[in-house]
Amino acid sequence: MQDIQAAFLAAFNLIVSLDADLFDIVGLSLTVTLSAVGISCLLGFPLGALLAISRFPGRGMIVVFISSLMGLPPVVVGLTVYLFLSSAGPLGSWQLLYTPTAMIIAQSVLVTPIIAALTRQIIEDLNGEYSELLRSMSARRRDVLSTLLWDARYSLITAALAGMGRALAEVGAVMIVGGNINHVTRVMTTAIALETSKGELALALGLGIILVLLSISINAALMSLRTSMERFAYA
Amino acid sequence: MKRYLCKLTGLCLLAQTALVGPTLADDFIIVQSTTSTQNSGLYEALLPQFTEMSGIEVRVVAVGTGQAIKNATNCDGDVLLVHAKPSEEKFIAAGYGLTRSDVMYNDFVIVGPKSDPAGIAGSNDVAAALQKIADSEAAFASRGDDSGTHKKELSLWSSAGIDGPASSGSWYRETGSGMGATLNVGVGMDAYVMTDRATWIAFGNKADHTIVVEGDSAMFNQYGIIDINPEHCPNVKTDLAGQFIDWILSSDGQTAIAGYKRDGQQLFFPNAK
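Those protein sequence lines, which keep their order, are chains A and B.
Residue 80 in the working numbering sits at position 80 of the first sequence; the count goes up by one each step and never skips.
Residue 1081 in the working numbering sits at position 81 of the second sequence; the count goes up by one each step and never skips.
Heads up, some of the hints might be wrong.
[Said to hold, decoys possible] Derived coverage of chain B by chain A (criterion: at least 3 residues anywhere in the stretch with Cβ under 8 Å from a Cβ of chain A; other residues may be distant):
id, stretch
1, 1070 to 1082
2, 1124 to 1138
3, 1199 to 1208
[As the list claims (entries may be wrong)] Derived Cβ-Cβ restraints for the label pairs, each shown as a range:
id, chain 1, residue 1, chain 2, residue 2, range
4, B, Gly1176, A, Arg141, 48 to 56 Å
5, A, Phe56, B, Ala1166, 51 to 59 Å
6, A, Ile15, B, Gly1242, 51 to 59 Å
7, B, Gly1242, A, Ser54, 53 to 61 Å
8, A, Ser146, B, Lys1070, 45 to 53 Å
9, B, Thr1238, A, Ile15, 38 to 46 Å
10, B, Ala1045, A, Trp150, 53 to 61 Å
11, B, Ala1166, A, Ser54, 30 to 38 Å
If you're looking for bench data, these hints aren't it; they were derived computationally from the structure.
Each residue gets a CB set at the ideal place from its N, CA and C atoms; glycine is no exception.
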């Protein structure tokens, strides 16, 4: 119980003292996660939408495959990306291991299937309502895709948020490919793991509290953006 | 698909320049090292002194000795600083490393709960203490992760003539994680744990665990530093790595190690030749 009280105190102290290291770590967490989610959206939205409106043999298997990738263990992704980026690996000459870029790649691998799978479901549902109309207008495939994606944009924000939740919270992948190097690749989750292993449980939980607050603020910001977009769209 | 791949690569390159551009200059080295040296806080005290003097940034990846050696074998580091001499010599014999130098030492201790179920408190005979732990089947938390500390622990069991890991799952518990994480487990389940003294002194969650066995010469813990062979790893920054190794073995580096204290206690004892 004492540790939990101490954790809130630690979180409070870190925030009010404007701790420089904390801001570095939070900043890197946000940069890595937001970049990864951005890349995942660029890949996952069109991929999911394409899968939703296409019919071809083997489609069912691909849908199942992408949905199962939503459960990829971060540590497996981290290990795989490590093996690719390691100097002994096929992409070793890129010299990306132990950089934030490596962390962005790993998280993109983790998040893209989540966004693609959710997008597929959202677009498929919407396509059920739109398909006749679109067909009667003999819209081209490209226009069908962009119309569906645009009209589903509010639901797609939720898909992006689901992906972001995953990226912000995972520790297994960024620990392996980033190396938790102080001032270079240390993010919130790896810092929490490190403080826990030092036995500094209150400080670790304090960082955890800050991470949760961060997640709440991002979600709140996007939700209010969504509300104002909706109000504007239907006004 | 090809277009998306281009987009991905393009974005990565963009992110690369935006994120790590300023620090991408070649003035840093990567040291593959152990959790015990990081968890004790040594590097935070030591490295800024070197960086200030040389302008070379030192990036430490702290993992178990087994993983550190594996990463270095994959050429993912410029320097290896670990503590498992037989494995280190094997690393050099295989042509992955050039030379190995002693840097510093401390010792291992066994910590345990106040209740001391195996009755070993105050002992300085580690073989006898392990025998008592096995006889009384008192809980013992092992790293179980192929780290330097784990290898040392296994060698102590075997020289005591006991097959501890054979009881894995009952009183012998393998955590498969780092030193601090294993101490957390040990404290949580009232188990004995073998740890290096530095991590223990710096550890923040001791609860009512204390050192029960210490002072046996078999528990000596030597740290060594190795430069990576550029013939095996063409990317290695031999020059910068050499500067770091020279510094840590110099009287300046050795003094800095000796000067690192927690709670008034010296954690590492320099012994470079």
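Quick check: the stretch 1070 to 1082 of chain B, covered by chain A? Criterion 3+ residues, Cβ under 8 Å.
holds (count 5)
If I claimed the Cβ atoms of Ala1045/B and Trp150/A lie 53 to 61 Å apart, would that claim hold in this structure?
Between Ala1045/B and Trp150/A, where Cβ atoms are some 56 Å apart, the hint holds.
Confirm or reject the claim that Thr1238/B and Ile15/A have a C-beta distance inside 38 to 46 Å.
holds, 44 Å
Can the suggested window of 51 to 59 Å be confirmed for the beta-carbon pair Phe56/A and Ala1166/B?
holds, 56 Å
Would you say the C-beta atoms of Ile15/A and Gly1242/B sit inside 51 to 59 Å of each other?
At 43 Å between Cβs, range violated.
Within 8 Å of chain A's CB atoms, at least three CB atoms from the stretch 1199 to 1208 of chain B: coverage verdict:
holds (count 5)
Does the Cβ distance between Gly1176/B and Arg141/A fall inside 48 to 56 Å?
holds, 51 Å
At least three residues with a C-beta closer than 8 Å to a C-beta of chain A: is that true for the stretch 1124 to 1138 of chain B?
That given contact is violated, which follows from only 0 residues of the stretch 1124 to 1138 of chain B lying within Cβ reach (below 8 Å) of chain A.
Note whether the CB distance of Ala1166/B and Ser54/A lies within 30 to 38 Å or breaks it.
violated, 57 Å
Given the hint of 53 to 61 Å, check if Gly1242/B and Ser54/A actually sit that far apart at their C-beta atoms.
holds, 58 Å
Could you tell me whether the CB distance from Ser146/A to Lys1070/B stays inside 45 to 53 Å?
The hint (45 to 53 Å, Cβ to Cβ) holds, given that Ser146/A and Lys1070/B are roughly 48 Å apart.
Hint violations for this structure: numbers 2, 6, 11, all remaining hints satisfied.
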